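Colleague: Each chain, letter by letter, is given below.
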Amino acid sequence: MKRLFKIYLEKPELAGIVLLVILIALFQIKSDGIFLGAENLRGILGLLPETGLIAIGVTLLMIAGEFDLSVGSVFALMPMTMAIVMTHGIPFVPAVAIGFAVCILVGFVNGYVTLTYNIPSFISTLGMLFMARSLTIVISGGFPPLLADDLPTWLFTSYVGPGSLFRMSFIWFVIIGVLAAYLLARTNFGNWVSAVGGFSDAAAATGLPVRGVKMVCFILCSVLAGFAGMIQVLRLGSPLPSIGEGMELQAVAAAVIGGTALTGGIGTILGGVLGALLIRVIDNGLVLTQVDANWFKFAVGFLTIFAVVANTWLRARARKIKLEVAT
Amino acid sequence: MSEPILSCRKIDKWYSGVHALKSVSLDIMPGEAVGLVGDNGAGKSTLINIVSGLQRADTGTVNFEGREVSIRSPRDAMDLGIETIYQYNSMVPSMSIARNLFLGREPLRFRLGRFGAIDLKQMRKEAVKAIADVDLHLRTPDAVVGELSGGQRQGVAIARAMYFRSKLMILDEPTNHLSVKETNKVLGFVQSLKQQGVTSIFISHNIHHVFACCDRIVAMARGQIVLDKRAGETTMDEILDVL
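So the sequences go chain by chain: A and B.
Quick note, in our numbering, the first sequence goes up one by one and the last residue is 327.
Quick note, in our numbering, the second sequence goes up one by one and the last residue is 1243.
Just chain A, same shape as in the assembly (with noise of 0.2 Å):
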């Protein structure tokens, strides 16, 4: 049991796994397998990378000690952009590059309110999130533009891996996935991240540029959050400028479920994206198993607190049963 504990302190997305473990035995044997087949497998790891890559962003800024609302908007903004630009006759590409130069400054702007005037980020960012819905509806003139037939969509949506049972976009959610954790467990930056959300008087006191390093973290988040907006729309095939509502607080809720600390400083992106799984597989496992959709909320909510519940229950045992094995 202590030593189980003293895994705990180490890995806080344990508790993550162990959830996700129990949820798809659970939803296997209620579905007489299908849970696990690849049709629905396919069904579940194509929605993934969307909830998942803004869950990396937001991951990634709450470690840092800050949060963002705003995702959900952007995630309707970037492709909104995208695609209103390329009915300008502007192509693909260039395309996508003003769509994220928008979600570069979106998270610029997130940064530079929150901290030159030293407001909480909940706040600044929950303005963020009306003024980007706003503007995307503002944008699209009420229609929505359609997208070209002939753009690289296959770029992003189609299905490729061992009997199709992933679309492309996994495979670039895996890839972005993978340099984020590297980034925040491997190079100087991400103990710096860590350092920010940890203690940011100590942070500066080392001589860390604190206020860089959170504004690097709201950008890259609001620029995840406008690349799974982009993910969507091409796999949708329309910018409806209502998609994404929601989304901020399941990111959020993600990132919490996979032992990310409120208080930053702690937490991994694997917990990150743990935690966007378990609400994939709990969004599909109600459906397959026939239990009305309207309670996935309920479990996802139910599931936020839990997991907070327990992380705070766990890590104060795991820290008493260090100081015991110490003295």
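Bear in mind the hints are in silico, worked out from the structure with no lab data behind them.
Small disclaimer: the values here were computed from a predicted structure and weren't measured.
Glycine included, every Cβ here is placed at the ideal spot set by N, Cα and C.
Treat the hints loosely; a few may be bogus.
Stated by the list, open to error - Which chain B residues face chain A? A few, computed with CB under 10 Å, are given here:
(1) Ser-1052
(2) Leu-1054
(3) Asp-1058
(4) Val-1069
(5) Ser-1073
(6) Thr-1084
(7) Tyr-1086
(8) Leu-1103
As the list claims (entries may be wrong) - Pairs of lysine to aspartate or glutamate residues, derived as EDC-like cross-links and limited to a Cα-Cα distance of at most 20 Å, are as follows:
(9) Lys-1022(B) to Asp-1012(B)
(10) Lys-1229(B) to Glu-1003(B)
(11) Lys-1181(B) to Asp-1135(B)
(12) Lys-11(A) to Glu-1065(B)
(13) Lys-1010(B) to Asp-1228(B)
(14) Lys-11(A) to Asp-1135(B)
Stated by the list, open to error - Quick partial rundown of chain A residues pointing at chain B, CB under 7 Å, derived from the structure:
(15) Thr-153
(16) Leu-155
(17) Thr-157
(18) Ser-158
(19) Gly-161
(20) Arg-186
(21) Asn-191
(22) Ala-202
(23) Ala-205
(24) Thr-206
(25) Gly-265
With chain A fixed as given, assemble chain B onto it according to the hints.
Modeller: Here is chain B on its own, set in the frame of chain A:
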């Protein structure tokens, strides 16, 4: 007499109308252990923050090792060899000892500009060495700093300063809120600094602690230096009188 390692000349600092430092000049000689005492609001923290780069002086100059320097950030101070240890904000409690020791100065396996991949093996190895060098006994450099006692944390902070061969170590109230046993440990660290030729400034409002480990006492009150004597030539009563 040799050159002072640190020389502050006519430093002034105002906080929105309050004259926090009134043309303060202070010389620190190499190898000295100077105790800086004063009540809250006397200006000692402001003076130290200016030297460690957390604040900037309104007027006045700072010379370090005979050269006039411009210290704009903690990083500038650290690059000069001035390391500051605070009671609270020296360490990130949620991170390991090794990661804390090398925070901002991580050994890198390869780099692109300022950024690169941390050499984790090297970092652990050096962390073990750094901790052992200050006679601090910790089982592993992977332990989270939040689990260490207050005295151990100060020990790690001092190990960090020693490892990076700082020339001037500033200890800002390092014994606050520590138990008697832990306080003695920290005072021991400060005394060992002297043996290793490191100049130190020890800030405290506890005069006993200052007398225990310093050879020169500087007292501040109301933004000015009101006493500056060898520890052997003054008494606690005299210092209490001027504060």
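Colleague: Run every hint past the structure and note whether it holds.
Modeller: Against the structure, the hints:
Look at Ser-1052(B): its Cβ gets to within about 8 Å of chain A, closer than 10 Å, so that hint holds up. Taking 10 Å as the C-beta contact cut-off toward chain A, the hint placing Leu-1054(B) at the interface holds, the least distance being around 7 Å. Interface hint at Asp-1058(B): violated, since its Cβ lies 21 Å from the closest Cβ of chain A, which is beyond the 10 Å cut-off. For Val-1069(B), the interface hint is violated, since its Cβ never comes within 10 Å of a Cβ in chain A; the closest pair sits about 15 Å apart.
A distance limit of 10 Å between C-beta atoms decides the matter here; for Ser-1073(B) the minimum to chain A is near 6 Å, and the interface restraint holds. Hint on Thr-1084(B) holds. Least Cβ distance to chain A is approximately 7 Å, under the 10 Å limit. A hinted interface residue such as Tyr-1086(B) counts as satisfied when its beta carbon comes closer than 10 Å to some beta carbon of chain A; here the least separation is about 6 Å, so the hint holds. For Leu-1103(B), the suggested interface contact is upheld, since its CB lies about 5 Å from the closest CB of chain A, less than 10 Å.
Taking the CA atoms of Lys-1022(B) and Asp-1012(B), the gap is near 5 Å; set against the 20 Å cutoff, the hint holds. The suggested pairing of Lys-1229(B) with Glu-1003(B) holds, with an alpha-carbon distance near 18 Å, which does not exceed 20 Å. About 16 Å separates the Cα atoms of Lys-1181(B) and Asp-1135(B), which keeps this hinted pair within 20 Å; it holds. For a cut-off of 20 Å, the pair hint linking Lys-11(A) to Glu-1065(B) is broken: about 47 Å separates their Cα positions.
Proximity of Lys-1010(B) to Asp-1228(B) is assessed by CA-CA distance (about 16 Å); at most 20 Å being required, the pair is judged to hold. Between the alpha carbons of Lys-11(A) and Asp-1135(B) the distance comes to roughly 30 Å, so the proposed pair goes past 20 Å and is violated. With its C-beta approaching chain B no nearer than about 33 Å, Thr-153(A) sits outside the 7 Å limit, and its interface hint is violated. About 27 Å separates the beta-carbon of Leu-155(A) from the nearest beta-carbon of chain B, more than 7 Å, and the hint is not met.
Because the smallest distance between the Cβ of Thr-157(A) and any Cβ of chain B comes to about 33 Å, over 7 Å, the interface hint for this residue is violated. A hinted interface residue such as Ser-158(A) counts as satisfied when its beta carbon comes closer than 7 Å to some beta carbon of chain B; here the least separation is about 33 Å, so the hint is violated. Checking Gly-161(A) against chain B: minimum C-beta separation of about 29 Å lies over 7 Å; hint violated. Given the 7 Å rule on beta carbons, the hint for Arg-186(A) holds: about 5 Å separates it from the nearest Cβ of chain B.
Interface hint status for Asn-191(A): upheld, as the beta-carbon distance to the closest one in chain B is roughly 6 Å, under 7 Å. For Ala-202(A), the suggested interface contact is upheld, since its CB lies about 4 Å from the closest CB of chain B, less than 7 Å. Hint status for Ala-205(A): holds, given a least beta-carbon distance of 5 Å to chain B, under 7 Å. For the restraint placing Thr-206(A) at the interface with chain B, the shortest Cβ-Cβ distance is roughly 5 Å, inside the 7 Å limit, so the hint holds.
A least Cβ separation of about 4 Å between Gly-265(A) and chain B falls short of the 7 Å threshold, and the interface hint therefore holds.
Of the numbered hints given earlier, the model fails hints 3, 4, 12, 14, 15, 16, 17, 18, 19; all others are met.
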